[in-house]
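Undergrad: Top to bottom, those sequences are chains A and B. So the first sequence is numbered by numbering that gives the first Met the number 0: it starts at 0 and just counts up by one. So the second sequence is numbered by numbering that gives the first Met the number 0: it starts at 0 and just counts up by one.
Hints were generated in silico from the structure; no laboratory data involved. Quick caveat: nothing in here was measured; it's all calculated off a predicted structure. Treat the hints loosely; a few may be bogus.
[As the list claims (entries may be wrong)] Partial selection, computed: residues in chain A whose CB lies under 8 Å from chain B:
id : residue
1  : Leu33
2  : Arg251
3  : Pro297
[To be verified] Only part of the chain B face toward chain A is listed, based on derived beta-carbon distances under 8 Å:
id : residue
4  : Arg28
5  : Phe122
6  : Arg123
7  : Ala183
8  : Gly187
9  : Ser215
10 : Tyr287
11 : Asp290
[What the hints assert, rightly or not] Computed list of chain A residues with no C-beta within reach of chain B, every gap over 12 Å:
id : residue
12 : Phe53
13 : His128
14 : Tyr135
15 : Gly141
Yeah, the Cβ is synthetic: ideal placement off N, Cα and C, and Gly gets one too.
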Amino acid sequence: MTALTIAKSINAGLRRAMDADAKVLVMGEDVGRLGGVFRVTDGLQKDFGEDRVFDTPLAEAGIIGTAIGLALRGYRPVCEIQFDGFVFPGYDQIVSQVAKMHFRSGGRLRLPITIRIPYGGGIGAVEHHSESPEGYFAHTPGLKVVSCASPADAYWMIQQAIASDDPIIFFEPKRRYYEKAEFDLDQEPDLPLNASRVVAEGSDATLAAYGPMVKTCLEAATAATDDGRSLEVIDLRTLSPLDLEPVYASVRRTGRLVVVHEAQRTLGVGTEVAARVTEECFYSLEAPVVRVTGYDTPYPPARVEEDYLPDLDRVLDGVERALSY
Amino acid sequence: MTVDTAVTSASGTAADTELVQLLTPEGERVPHEHYDTLIDDITADEIRDLYRDLTMSRRIDSEAIALQRQGELGLWASLLGQEAAQVGSARALRPQDHVFPTYREHGVAWCRGVDPAQLLGLFRGVDQGSWDPKENNFHLYTIVIGAQTLHATGYAMGVQRDGAIGTGDPERDAAVLAYFGDGATSQGDVNEAFIWAGVNNAPVVFFCQNNQWAISEPLERQTRVPLYRRAHGFGFPGLRVDGNDVLACLAVSREALQRARDGEGPSLIEAFTYRMGAHTTSDDASRYRLDSELESWRLKDPVERVKAYMTREKMADQAFFDGVEAEAEQLAEHLRTTCRSMPDPHPTTIFDHVYVDTPPTLRAQQEEMARYLDSFVDEKEAQ
């Protein structure tokens, strides 16, 4: 067993993927000598050289666009977008080119590109550094979108993402980068990339979350036991495709679902989960699906972000609404 | 394959390029056949004013760094080393000109008359730009790299359509000044801004503070040629100026801005300078650059060279320097006091300016938040 933070787990996963496949490249702004602004790529350039780990010009469209070319040439680029809010200059290349290349080539072309995006708030940052843009990508056919919530998942999911022949948007919960846990680096992963998992069992209501909100929901579940409430927590892990079978199974037992994410509410991942659960579990539901999310505003200044972001109290408030319906 | 990063022509030095310099690092005035004519009206009083601007800009910066260390600000992007580039260019502006800054143009804000305490809100996390851009023709800070160069170009196209160029009226003809850094020159937005400005002959001056570093990436990661030379490919003039020389920055900016006001189109100024601090207070520059480089630039300090010049030319005595110092301390005190008393916004205000015409659905969310927050007040009262 090894105790690693999420950031170090991704680093270890990248290292292992690069060892396993000489075609894996790491590219982005400051990923080389600096090792990334969050040090996720720390030491990789030193160990794998400047051909495989390289600092790019400061241009996100260029990072994604050239990764497409590298992928067409047989490489497996892992692109780092420095912060969530800076993905948008590369957005056109992602949604118009990366997402559609396999489709429009009739399956002849594959783009095994992983786009790593540190995302989410709660770190007291200035604007464009705390956003949750996953919905834009999950809405785009051709992209697979995942988010890790634990060191073990970070370690395995980054390797599975790199091994995927479909392009993966890999959302990293930046405020959880330094959360540490023990896991076995050599034990094979128990789940494929695009699968969700129950992380706490319970019987009164179900919480579904991903990325940074998984920890919040686990804390809420612990707190709820004081009131004699038993909450099941599901880490969705994959946002596109969604893997909702564990959610359906859970809701059929609990009858109540609260979906939690930092991203804005309207047309967010929670909306899709609510719609599908309503379709699949209509007769099991004892209450409408509750969404506990960021509000429908731009991400606010840091001094009010704690009121914008779902926290333990807001999650429990959502549970209360579901239970008292 | 290894990329050859030893492209000296991209970074260059004062010696090996056509760099406009009017004041040496030692504070000696260097005659220049052309650019002397652009500043020959400068009086000793105005030199003293420039020195004051440089000192105040530096003091704003050092106080903000201190406030960040004390936890009063979440972040600060230091301008240390870039004072002359900012003051020299900004003092070439007229009131009707318009400025589009990045997030580091604290010295430009000062010259435009923005209360520097207002710059702190964004970094404290209480707002995202509290000054009225229309008041001083100084736009909000832009953090997404290079985006503002297109805004500046569009604004200049508006100036053009308003007939506010080429009339010869010094109070009417206007120019637009767009700031950005060396890293930004790689962005598509910046290259598109060059194209749009070029084909429209827009009255915009692109002022690139080449401080040599985009966080950890040296200039060689962005370019194989000196940045100013790119302008020619886009169809307008470009030049490199000593960015640590306030007189030279003033001279070249005056010329470029007047060219824009006269309807002669855009230009690119590459102010060759150095980021003496880290990228921001979150960055640790010792991880990627050498102290020796920093030391060599310390000898080119933009404030010290003006002080040396003034002393040499007997434009100022110790009493003057002491007076400016005292004024800078007063400004620092103003920043401290104002910053510490900046209240956190009420959470429900985040809904206020999402739209001009707020939809009822969003008002409902605002009320939902208010009810939720009130439920805690009730709990407290009940206890």
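Undergrad: Starting from the hint list further up, note which numbers the structure goes against and sort them upward.
TA: Violated hints: 2, 4, 11, 12, 13; rest satisfied.
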